[in-house]
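Asker: Please build the complete structure, drawing on both the sequences and the hints.
Residue numbers (our numbering), protein chains in the order written: chain S, 1 to 329; chain E, 1001 to 1310.
Hints are not guaranteed to be accurate.
Pairwise CB distance ranges, derived in the manner of DEER restraints [said to hold, decoys possible]:
1) S/D191 x E/R1012: 39 to 47 Å
2) S/G19 x E/K1298: 50 to 58 Å
3) S/H21 x E/L1159: 52 to 60 Å
4) S/E245 x E/S1214: 41 to 49 Å
5) S/I266 x E/T1126: 51 to 59 Å
Output of the computed footprint for chain E on chain S, the stretches with three or more beta carbons under 8 Å from beta carbons of chain E [claimed, not checked]:
6) 99 to 109
7) 164 to 177
8) 248 to 255
In short, the hints are calculated from the structure, not lab data. Where is the CB? At the ideal position from N, CA and C, for every residue including glycine.
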Amino acid sequence: MNNDKPLLELRNLIVGFNGAHKGKPVVRGVSLEVYPGEILGLVGESGSGKSVTCYSAVRLLGERGWTEGEVLFDGKDTLSCPEQDIVSIRGSQMAMIFQDAQSSLNPVQTIGRQLVEVLMMREDLRGSSSETFRKEAVDLLNEVGIPDPERRIGEFPHQLSGGQNQRVMIAIMLAGNPRLLIADEPTTALDVTIQAQILRLLKKLCRERQMAIILVTHDLGVIAESCDRTVVMYGGRIMESGSVEDILVHPRHPYTFGLLSSKPRIDIKVEKLNTIEGVVPSPENLPEGCPFFDRCLNVTDKCRDNYPPKVIEGKRHYFCFNPVEERSV
Amino acid sequence: MNSAYIIRKIFRAFLTIWIVTSFVFLILRLSGDPTVSVLGLEASPEAVEAFHAKWGLDDPIHVQYLRFFANVFQGDMGVSILEGRSALTAVLSRLPATVSLMVISTILTFSVGIFFGVMASLYHNTHKDQIIMTVAASGFSIPTFVLGVVLVLIFSVNLGWLPSTGSATWKHYIMPVLTMTIVDAAVFARFTRSAMLEVLYQPYMKTALAKGMSWGQAVRRHAIPNAAIPVVTIMGFWIGALIAGAVIAESIFAWPGVGRLLVYSVKHRDYNVVQVIVMLISVSMVITNLIIDIIYGKLDPRVSIDRGAE
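Answerer: Right, dumping it as structure tokens:
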């Protein structure tokens, strides 16, 4: 975080899908920055637009997706550049891992083959012997903590556990030496213990490789455990953004506050867990103003029709007319 | 692949061949005999009796049945009643004509069907897709025998471009091959398209792109090999259709092959020839399906053949 030039910068990103949600966008003006060597947590409920934001950064929305605004990777706009430019950025500059590692790996190819495939695209390894590729692949599997990589390299995804598949997936995405790794709910499908191992691995890789990571999750625990900074999203918009401590200990946005108060605690006995009343609005029903207005405890008349301006407080910012008073949750 | 699996497979192959042959043996004998075909309607009762005695047609059917299998196990497939020579020789002499027809049709069916199926899937929901699928739908809506006759009508009768019977030159091949190909290629195009569409939206295709592959590379390395698995599976079933197609095409175009011989032999109750052909068909089906099983196991490691046999 000693670098002040962002590696990835989203400027007023708007994303929608043709033929869905009555033409209304799913992501509605998201701006954020990711700096080299940091882990940025992107947290929000299902349907908040966090995954879609990430897919549009690597331009993997599919043929129905459309975007407005800018995504600058190292100063280059990845939304408007020619297709072959984004292809050359993917894998070697920006890589992405997904929630369900098992189905994200080709079931009928060995993990070695799927790994070497990426190595073969690397400039510095061009023309290397198959021995070199094999050794590189084994090294990568070692790096992500796959035991007995020499043997595992010839195995298929169905022979590995979910956690190991996610490790393999990470190895595959590391193979191109990317500077940014986008991890879309990488631990959601895993057991809690495995989840912690994968998060530790991501932290280690971030530190050792000086690689930036965007960690998408709906789990505040994951954020607390692994991230440097976090961005809270709701209804396709950013609610609040700042350091993990600021957000998790002193939230200013009522939504973040609600999320935190609904987390179960082991130190206090409660009869009933707190919940945020209501449901996440679907994209076609989002209001002009704050998307959280109908579930918010601090709501006032102007919230519905006016989107709150950005309020900057030191290194954090939020979008709210009536923020929560500064106090710990 | 262990030996128990192979033994089980071979045993099952023999069982299949035995059931098919027995069925044909009974049906043929229950539905008439060759006496009239060979001797004519005016034959004297003495001649008929002598004919029956010569070919063993007087014996009870179970005696004929046991004699037939006893002979088969000694490698004697019997004599063609119509041709007077070994039934096996009669069939084998016509085999090259049929095999050449089948090989050409197979290559054409696979390449055309799979190519257009892949194209349609890559241009899913565009005009190209719709055109290919419309043509394919009309292709497999036409019964093979109608298609053959229509081709003769257009290219032989009206235009006079192509010969309608025989197998002497390459021109003779065109219409029989088209008759055998068009319907099946259309079926394969449709099937390949749906297999591809299934695969193209799998998460690992997204992974391939995230790795830095272009769409074309991802399709070649991850979509097509995976879509091949279900396509290979139906190739096994399709062999039966290929043989049926050969019988029809050979009959329409008077092609001097096994298919036409089969129709002729059934009509005249040339028992031994029919039995040889039926055995040949079942053996080739069994072998093809065994090969398909092995290819399938290679394509899809999740289905090991050892386990697949359980």
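Asker: Hints first: check each against the structure and report whether it holds.
Answerer: Evaluation of the provided hints:
no.: 1; hint: S/D191 x E/R1012: 39 to 47 Å; verdict: 43 Å, holds
no.: 2; hint: S/G19 x E/K1298: 50 to 58 Å; verdict: 40 Å, violated
no.: 3; hint: S/H21 x E/L1159: 52 to 60 Å; verdict: 57 Å, holds
no.: 4; hint: S/E245 x E/S1214: 41 to 49 Å; verdict: 43 Å, holds
no.: 5; hint: S/I266 x E/T1126: 51 to 59 Å; verdict: 56 Å, holds
no.: 6; hint: 99 to 109; verdict: holds (count 8)
no.: 7; hint: 164 to 177; verdict: holds (count 5)
no.: 8; hint: 248 to 255; verdict: violated (count 0)
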